[in-house]
Amino acid sequence: MNKKKNSRFDELIDAARSRQKRDKPQEIVEEKVTFKSKSTDPNYVRTTVYLPKKLHRGLKLAAAADDRQMSDIMTELLEKWLSQK
Amino acid sequence: MIITVSAFKGGVGKSITALHLATYLQTKADTLLVDGDLNRSALDWSNRGSLPFKVADEEDGIGLAPLYEHIVIDTPAKPSFEDLKSIARGCDLVVIPTTPDAIALAATMQMVGLLNKLKANYRILLTIVPPHPNRSGKEAKLALKNANIPIFKTGVKRLAVFQKAALEGVPVNAVNDVYAQVAWKYYAEVGKEILP
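First to last, the protein sequences are chains G and L.
What the first sequence shows, in my numbering, is residues 1 to 85, in sequence order.
What the second sequence shows, in my numbering, is residues 1001 to 1196, in sequence order.
Pairwise CB distance ranges (calculated):
| no. | chain 1 | residue 1 | chain 2 | residue 2 | range |
| --- | --- | --- | --- | --- | --- |
| 1 | G | 41 | L | 1132 | 29 to 35 Å |
| 2 | L | 1193 | G | 18 | 26 to 32 Å |
| 3 | L | 1195 | G | 84 | 37 to 43 Å |
Chain L residues, not near chain G, derived (Cβ > 10 Å throughout):
| no. | residue |
| --- | --- |
| 4 | 1008 |
| 5 | 1027 |
| 6 | 1054 |
| 7 | 1110 |
| 8 | 1138 |
| 9 | 1157 |
| 10 | 1158 |
| 11 | 1163 |
| 12 | 1166 |
| 13 | 1167 |
| 14 | 1169 |
| 15 | 1175 |
| 16 | 1181 |
It should be emphasised that the hints constitute simulated quantities derived from the structure, not laboratory data.
Bear in mind that the values here come from a model prediction, so they are computed numbers and not experimental data.
The C-beta atom is built at its ideal place from N, Cα and C for all residues, glycine as well.
Take these sequences, add in the hints, and give me the full structure.
Here you go:
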């Protein structure tokens, strides 16, 4: 489907993509269509909470170490807590 | 990053938006603005004044695109479904400028329907928002939010300095006008929402 040029923008976008493929593997480009960052996903809201500095630091370190987002960790914990209530 | 600025209706500040987003992105890395608009508004600007980034038409854009980190594509006023399909597939973000009036919003909703079908990553930008006490900007924002449509927090107010900038062929932040920085701040904020 990608080989068939059906829009005047195809060639342009492919050319633009050709540079971006340098740092992104091909499969991700294909999946890109369904991927949404939380900041643009209407199913997510951004909120502010106050945490003790040390705890925040610990969370950040743990998230970085596990290569996870702080949001995902918080979501998981909060869901667990809420389901136990 | 590849950003496409597109709208079903003309006169909603599409070219101005593309131009100022390109101005913002240029502060981050080399940026190319591709003018796919048959009116060639952006190319016209670049011929008239001096823009801080590179401007090309679609044909030249194909050759130049691989050389630039950020690409902003300004599409014609009513892109075909096939065009939208390519855009949805190939772009990181589609920015849809719309004025907060019923006619433009109806056209925007039509486009949103198609983009949802194509699973595109898009966001609405309210432009040419009339100043206080007119509430149409706030009302449009609320209506879009309630419909769960992604929208930029920042809206661009209607300011005469945008027309002045168009005349001089420069982005608003290069115009000598008391409102120049106010106007620029709108797009700088929008830019930050895209790429902080």
